[in-house]
Amino acid sequence: MRTSLLINDLSAARQALLTVAILLSGVLFPAPAPVAAQDGGPGVPEPERVIAAIPEDFPPTYFRNEATGKPSGFAVDVMNEIAARAGLKVTYVYGRGWDQIVGMVTKGKADVIPNLGISPARVKTLAYTEPVEVFQISIFTRSRSTAETLEPGMTVAVIQGSAAQELLRVRPGLRFVEYQNFPQALFSLLSGKVDAFAGPANTTLKLARDAGVDDEIRIAGPPLAEVKRAMAVRRGNEALLDRLNRAIAGFRTTREYQTLYTRWYGKPKPFWTTGKILVASGLFLVLNMAAMAFWRYRSLLRLNAELRENVARRMQVEEALKKYSAELEKSNRELQHFAYIASHDLQEPLRMVSSYLQLIGSRYKGRLDRDADEFIGYAVDGALRMKGMIEGLLAYTRVQTRAEPPQTINAEEALDEALSNLLLSIEESGAEVTRDKLPSVSGDRTQLIQLFQNLIANALKFHGEAKPVIHVSAEQRNGEGLFAVRDNGIGFDAQYADRLFRMFQRLHGKDYPGSGIGLALCKRIVERHGGRIWAESRPGRGSTFYFTLPLAGPERPGSVGTDGTT
Amino acid sequence: MNNRGNTMNMQSVHVLLVEDNEGDVRLVREALKDGKVAINLHAVTDGEQAMEFLFRKGRHRQAVRPDIVLLDLNLPGKDGREVLRDMKGDPDLRRIPVVVLTTSSADEDVLKAYNLHANAYLTKPVKLDDFVTIMKSFEEFWLTLVKLPGR
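As given, the protein sequences belong to chains D and C, one line each in that order.
Everything in the first sequence is counted per our numbering, starting at 11 for the first residue and increasing by one.
Everything in the second sequence is counted per our numbering, starting at 8 for the first residue and increasing by one.
If you are wondering where the hints come from, they were derived from the structure by calculation, not from laboratory data.
Everything hinted at is true.
Here are the simulated DSSO-like cross-link-like pairs (lysine-lysine), alpha carbons at most 27 angstroms apart as the crow flies:
1) C:K95 with C:K143
2) D:K238 with D:K80
3) C:K85 with C:K95
4) C:K134 with D:K471
5) D:K80 with D:K117
6) D:K375 with C:K134
7) C:K85 with D:K340
8) C:K43 with D:K375
9) C:K64 with C:K85
10) C:K119 with C:K134
11) C:K154 with C:K40
12) C:K134 with D:K397
13) D:K216 with D:K80
14) C:K143 with C:K154
15) C:K43 with C:K154
16) D:K277 with D:K238
17) D:K397 with C:K143
18) C:K134 with C:K40
19) C:K143 with D:K375
20) D:K99 with D:K80
21) D:K216 with D:K203
22) C:K119 with C:K154
23) D:K80 with D:K119
24) D:K117 with D:K99
25) D:K477 with D:K447
26) C:K119 with D:K340
27) C:K143 with C:K43
28) D:K397 with C:K119
29) C:K43 with C:K134
30) D:K375 with C:K40
None of the values given here were measured: they were computed from a predicted structure.
Bound conformation, chain D alone (with noise of 0.2 angstroms):
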């Protein structure tokens, strides 16, 4: 069993033997003969005066500081700080090993000795005070290895008669490389030379702080064993052992005792160093850039993937438009192309067959008979009510094909110029027309002329047996112009009104005579213009032509500066 080899599993006896075999390990250098510490020499002791004897070379818990010649070190200090709460002035004397140190003690020489090994062996001689120190001997690796305990095979470094040396000594397999001191220890280590080294741990890691190789090392496993260091007096002389366990009692739990200890075996690196902080504010700076920089990376991702959709989305759009608009030319250059071959190629064969016809009917005149006439008549009128369906179609198409941009038209000019057009009708018929105030219209001023025209025109064709009378009015209504042609006509049945607006649709026989195309023309250039047309009448009541058109900019009533003005 490895534990086995743990303090707590030996003897008392063992741990003694132990205790003394570390104490000794530090004092294996040549000490000098003991020599009276500066300030005071061998001599009585007295109550109010002690004479501590210690090793002079054993740092950091004692030595001869060479600046200023003093006794130093953890022990010194803790002594002396003990010695002024027991109310003891203390006085070093140096030995030379810890045989002639202890023998100072019980020979009278000296009084105490700060901060020695409890072990069995000394307990017969000297009397301990309370632990002022408690030490761990461990195990120390390379910071690279991985090892958590000691292995066979592996050579270890340990402190010539050292109390780890004594510890690993019963182990089977482990080499030993003796050293004399610490620091030669520690650089065989570091050197790879030995793959461990046992040792205490306080002491070992005040020394690689000291060298600065602190990183370099680490403690493999729990510490071999534990180990107590006191104040060690004459077996006998209580008195100083009580005033010295009084003070202790007051002292080993202060902050100046933390103060000292961390004074000469230093304190563990804190973990957060300003590198370790800088390195780990780098690093949260950098992970956080990095999830940052992924963030917007995906986002971007996203949004150039959505962007990329919407522009080929909006690329099938527009190609769809300009097929659309490619087409919508095509068809409209066929319109006027078609509108051409109606007004051209298709009337010169009526024109043929009307022609000739009258010419048989003027050059055989009184050779055929009676019924010729008559249907040479017929052949002839149906030629020129083609001829006028024809002439329709070919207007209905020039609405949409000789189109004009919109622009302000004075609807009462455009009225007059369509009354100038019917004047003849006007004065044949004797008709009455009358207008009030027309407003001001956006729109194809050849087309509104026409719309005029052609909604009079039928005002006068189908008057009744009074004379034609004819009122155009209008009104400004939810921004738009609607302007209504009233007659005193022979009206219509209200179930016809849509038919009305139909191309060659007629609701009156030939007494009215017509190529069914006038209101079909209005209605699509009304709808052309935005606006909508329609009829109220009843049969013998005459009837009124309503339609919208779009009001010009600056008349527009109520305008809040979106019209032509701004």
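Position chain C relative to chain D; hints supplied.
Frame of chain D; chain C shown alone:
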């Protein structure tokens, strides 16, 4: 010196009719038949022939220079507009008056004809009476009243 108005009655007037429709050629002939003026009506049926006639080439090598041209616009091959353009672009032929006689009443045709320096534009009416009236008017105006340049 060149008082054609007076000489009209003695000498016949040469009219070149460019018209692909035989029916129309006949109608024009009929309409002008019993006029006061002795009219020599030369009819060709397309633009190429019209140019050959005017330049006295090909089978029209023996053609006479017409005093006036009655020109239909829609012709097979080289159409009336091109004939008009070529005639008005020629320094010699440009002074021969060209009266367009066509079925089309389309504004664009009228405009284009005058832009090509047509001297008049007549639309063939559907009614025979109207047609005869128009041709009589043509004769009355262009062949009687108007002073034409010499050949």
